[in-house]
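Knowing the structure of chain A, use the given hints to seat chains B and C on it.
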Amino acid sequence: MESAALPVNRSKGAAPSFLGQLLGFNVIWAVAFAIVGYIVAHWLGGKIGANIAAEQNPGGTDQDDIAILLGLFGSIIGWMLGLGFFNYPLKRMLGRAPSLHEGVDSSTWRYFRLCTDHKVVAMQYLVATLFFFFVAGLNAMFIRTELTSSNATLFPAGNYLTLVGLHGTMMLTMMSAGVIGPLGNWLVPIMIGSRRMAFPRIESLTMWLTVLAGFVLLSATLLGGFPTGWTGYAPLADQARAGIDSYLVSFLLIGIALVLVGINILVTVVTLRAPGMTWNRLPIFVWAMVTTSILAVLAAPVLAAALYMVMSDRSIESTFFISSSGGSPLLWDELFWFFGHPEVYILALPGFGIVLEILPVFARKPLWGYRMAVAGMFGVALMSFMVWQHHLFMSGINANLRPFYMFTTELISIPTGLIFLNGFGTLWKAKIRFTVPMLFCLAFFFNFLIGGLSGVFLSDVTSDVVTHGSFFVMAHFHYTIMGGLVFALMGGIYYWLPKMTGYTINQALGKLHFWTMFIFFNLTFFPLFAAGMLGMPRRVSSYNASLHTLNVFVSIMAFCLGLSMLIFLGNLVWSLVLKRERASDNPWHSKSLEWQIPTPVPSYNFEQIPTITGDPYGYGLPEAPVVDFGRRGAVAAGEAGA
Amino acid sequence: MSAHDGVVIEPEGPETLGANISVGARLWASAVAFFFMAFVFAFFYLRALNTAHSFREPHVTPPIGWGVAILACVLGSSVIFTLGRTRLGDGTDSQWRLASLASLVLALAVVALQIIEYYNLSFGASDGGLASVFLGFTATFGLFWLGAVYWIETIWAQSLRGERAGESDIANTSGLLRPSADGCVVYLYTLGIVEIFAFVLLYLVK
Amino acid sequence: MSIAPEKVGRDEPHHGRNIAIIWAIATAIMVPVIIWVVGPHIPPGSLTDDTRAQHAVDVVLTALSIPLLMLVWVYLGYAVINFRADPASGTIVDGPPLRSNTRIQATWLIVSAVLVVGLAAYGTVDLLTENGAGGGQGSNPLAKPSDARSALQVQVIGQQWLWTFRYPGYGGVETAQLVLPVNREIEFHVTSLDVVHSFWAIELGVKADAVPGADNIAYVKIFRKGSFQVRCDELCGLWHGHMNTTGHIVSGSAFNSWIHATVTKYAAVTKYLPPYSLTYYPIPTRNAT
Chain A
1 MESAALPVNR SKGAAPSFLG QLLGFNVIWA VAFAIVGYIV AHWLGGKIGA NIAAEQNPGG
61 TDQDDIAILL GLFGSIIGWM LGLGFFNYPL KRMLGRAPSL HEGVDSSTWR YFRLCTDHKV
121 VAMQYLVATL FFFFVAGLNA MFIRTELTSS NATLFPAGNY LTLVGLHGTM MLTMMSAGVI
181 GPLGNWLVPI MIGSRRMAFP RIESLTMWLT VLAGFVLLSA TLLGGFPTGW TGYAPLADQA
241 RAGIDSYLVS FLLIGIALVL VGINILVTVV TLRAPGMTWN RLPIFVWAMV TTSILAVLAA
301 PVLAAALYMV MSDRSIESTF FISSSGGSPL LWDELFWFFG HPEVYILALP GFGIVLEILP
361 VFARKPLWGY RMAVAGMFGV ALMSFMVWQH HLFMSGINAN LRPFYMFTTE LISIPTGLIF
421 LNGFGTLWKA KIRFTVPMLF CLAFFFNFLI GGLSGVFLSD VTSDVVTHGS FFVMAHFHYT
481 IMGGLVFALM GGIYYWLPKM TGYTINQALG KLHFWTMFIF FNLTFFPLFA AGMLGMPRRV
541 SSYNASLHTL NVFVSIMAFC LGLSMLIFLG NLVWSLVLKR ERASDNPWHS KSLEWQIPTP
601 VPSYNFEQIP TITGDPYGYG LPEAPVVDFG RRGAVAAGEA GA
Chain B
1 MSAHDGVVIE PEGPETLGAN ISVGARLWAS AVAFFFMAFV FAFFYLRALN TAHSFREPHV
61 TPPIGWGVAI LACVLGSSVI FTLGRTRLGD GTDSQWRLAS LASLVLALAV VALQIIEYYN
121 LSFGASDGGL ASVFLGFTAT FGLFWLGAVY WIETIWAQSL RGERAGESDI ANTSGLLRPS
181 ADGCVVYLYT LGIVEIFAFV LLYLVK
Chain C
1 MSIAPEKVGR DEPHHGRNIA IIWAIATAIM VPVIIWVVGP HIPPGSLTDD TRAQHAVDVV
61 LTALSIPLLM LVWVYLGYAV INFRADPASG TIVDGPPLRS NTRIQATWLI VSAVLVVGLA
121 AYGTVDLLTE NGAGGGQGSN PLAKPSDARS ALQVQVIGQQ WLWTFRYPGY GGVETAQLVL
181 PVNREIEFHV TSLDVVHSFW AIELGVKADA VPGADNIAYV KIFRKGSFQV RCDELCGLWH
241 GHMNTTGHIV SGSAFNSWIH ATVTKYAAVT KYLPPYSLTY YPIPTRNAT
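Chains as they are written, first to last, in our numbering: chain A, 1 to 642; chain B, 1 to 206; chain C, 1 to 289.
Hints were generated in silico from the structure; no laboratory data involved. It is possible that some hints are incorrect.
Restraint ranges, calculated between C-beta atoms of paired labels, are given here [to be verified]:
no., chain 1, residue 1, chain 2, residue 2, range
1, C, 73, A, 581, 34 to 40 Å
2, C, 248, B, 64, 57 to 63 Å
3, A, 127, B, 146, 30 to 36 Å
4, B, 61, C, 264, 33 to 39 Å
5, C, 177, A, 511, 54 to 60 Å
6, C, 176, A, 549, 27 to 33 Å
7, C, 82, A, 145, 41 to 47 Å
8, C, 251, B, 61, 55 to 61 Å
9, B, 15, A, 398, 47 to 53 Å
10, A, 582, B, 15, 38 to 44 Å
11, C, 28, A, 587, 40 to 46 Å
12, A, 546, C, 73, 28 to 34 Å
Don't be surprised by glycine CBs; every beta carbon is placed ideally from N, CA and C.
One chain only, chain A, in its complex shape:
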């Protein structure tokens, strides 16, 4: 290297002054420019729409959609402009040399702008996804409130459907970013011994697009709501009022973010592994991120194309989904579920990864059947592209493929079952410590089993005739996604937050949160299996009066579940804001790489890229060094480094 070594702090001297930071690119300008962008593009779209309407369709109906869609895209451009995402591409267009760092300094402002430190991005992600998780959870509370009565309309019907749609879409989108965003971006580079993600600017972009997607989705409430739920079935989506445009743009943003975050993680894992980090030593959580990323990269583009088709139907009146003009609603069903089924595994696989990563630490045993766990995850990822038509068993598509899709759907339970075997092998003759993360992981198996077994009913066409599209399905996927992913995510948050923030999380409050969440989760969703089998369709505001008692019970339990989430929020505030007790470097005595570096983690992670000498699961072997920090590795490795 002929050029001089560079100091870590890239801001070329001291961080800019407060005024300098305020006037620089940050989220304040992003909001301002997004609003301006919306107004300008909406005006422009109105002009274009008026032209088209005048030319083709004198009684023009749809000029509004062109204006609104363009307005939303304008706000995306404004948002990115305000955050400074166009600076670097413009510099590259002018032929300037590439760089890896932007916006990295030690000021608080780095959390409010484009910052290429993967740990900063991860914290931004965490706050954003948790924020939207709570917003969507609040919607669920409203939905349950409406369902306390079998035939009343507490909310006007349109508002109720918008609540249902917001809850579903926001949970799906934010939770698909909920692990891969915060934990994936934070942990993957550190776990593989890298200083950064492969494309740090794209990493930041995905995070800010996710935030924008959440707010764009919320803007549907200002545009009249949308009646389609998260599945956005056409031609209802063609026919709906302008709120659906927000849904389309928001989902498109999430789709783009998913593709980019997937590419980023895959590239990082392929190219940036430290010396000695062979594929056999890769932590299982990283494998989970890899398989999730493969799904994201391949499935989300199909969603983007399908969303484009709806936008095209709505704005320029194409007829992809209008059967009277050569289109078909079934096209949406196929394309959406081709994305939609991998999407549910985008939600499930990170949960597997977190649980299998945490179990060995508190079982004090190596991860049992590591290779099989990896094979299981790849099996799930691969199979998930071959099962989507089980969402269409009743849809009237050609019935001949039904046995095939029934078979593939049941086949996917084999790789999923392997995850259970891994967990159980790890627990065998273990020395379990019942910390909060461990409790969540054990509950994961309890819940996910019920989710999985109910899936067998849904995969069997005969049984599915009853349960398809009913509350049974709703209970099923809440057991897999909330009981699986969200429980795992909570475990992951309690487990890694001390490392990520540098502060201890209160264990007593954590246990209270766990037990209330576990109990009320099951009491909320288990009765809903019965509601579905007794004939209650999803997304209704009125139902058979005989199911009234059941629904009131479920609603009360759901409110208790909501309170339990408030305990979680309270715990975070108490531990991270009020109490602020310093966490030690390795409070859980883990052997994993991320716990061997100092807390808080310096912005460059490792002074020198470490050499990996073993996998992170060497429990029970006193002489199992995991990492060699090299000559200059004067890092307190904690007791567990041994």
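Just chains B and C, lined up with the frame of chain A:
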């Protein structure tokens, strides 16, 4: 954190960055391929269903002349860029500069031709399934093609400007030109195959 | 705190045997309970051939899932009770460094593969022998009943937010009332005029999406007289939750007299209807309120 600010780390060499671009380009290409797979699927699906016998209205005949021109420019741009890349070197070779400029001009011509074609269509988006697929496929192809234009432009511009020491936190930035050009080729060929599909399906299949 | 390797215990209990015994006992108790106590109450009853098929499958699947459920619960419970670290001691004790066991893994894979293949085979045979079990089979059904030719054809038309029914065998008369004869094969043709709906009559065990421009066929044979609920099962807009109606099952002769009365009653209207067709293509509305 400030305690560690005195730590000095070496700037990264181009090898890892090159590998990043190379792997990333292939993944991006696969994502793009899946995106257009949705449109290919839509074409065949709607054609097979032919609801209300309206998949192909009689007057929906995409102008094949413009189609051939666009296809030729897409493939020409890709091939010329690939040929130019063999002379890339450190980016100062005049043949490379000429070839990449020619590729860039052809790439821009694709966008221009596409817009002109839209003005010469005998049908609108509401005229049946094929019309919808045609407009959707070509418009999104245009969007992705703009990405290719941008990519070619940045490589060309960077090779014109040459390396300037101290501008970047990456050692030897000119070493990145080749992997970037390689990645661009992967992307261009992916789009080239997509365009061949588009041409055959939208203009030729009856 | 320090970390010590585990002292190898000589008098380790036979955990595997214990778990197997508890599991066997729990399963032996629970499976009969599921089949004979809970089973008869599993919806959707025994009104039609479809619901009987669905009920049978649900009982079989529930009974099959019990051993799995018990395996996981017993194992989890046993592990949580027996494999815990001693919280009193200040040291962290590691468990035995077991990495994998090929025999257990192979057994698990083989057992789950056999289960899955068996389930899929059972499901497929069931689907084919039970005439699609009441699910919408599209325009070209995979499994038809033997008496499909003489089946009563009923067209179900979904539109926002109303069900109507046409009887092509009776001049294509359209009514908002669904009346069906008992003990006769019925062939539903489900379609929609605007957006995707789903025709769900849980007591009949019939569910078929109503897709505009598509014809979705489902079969049912009803064994007893009575009435049943029809609900929309696919989100179709504002009043999706209120898109219900009540259908009636009557004797064959009562059905004949009802349908003839209906044909006469609506004769003046029927001639203005579009001729009976498997699909209809009205001009769609956009930006509806």
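Quiz item: Which hint numbers does the structure go against, in order from smallest to largest?
Solution: Number 4 only.
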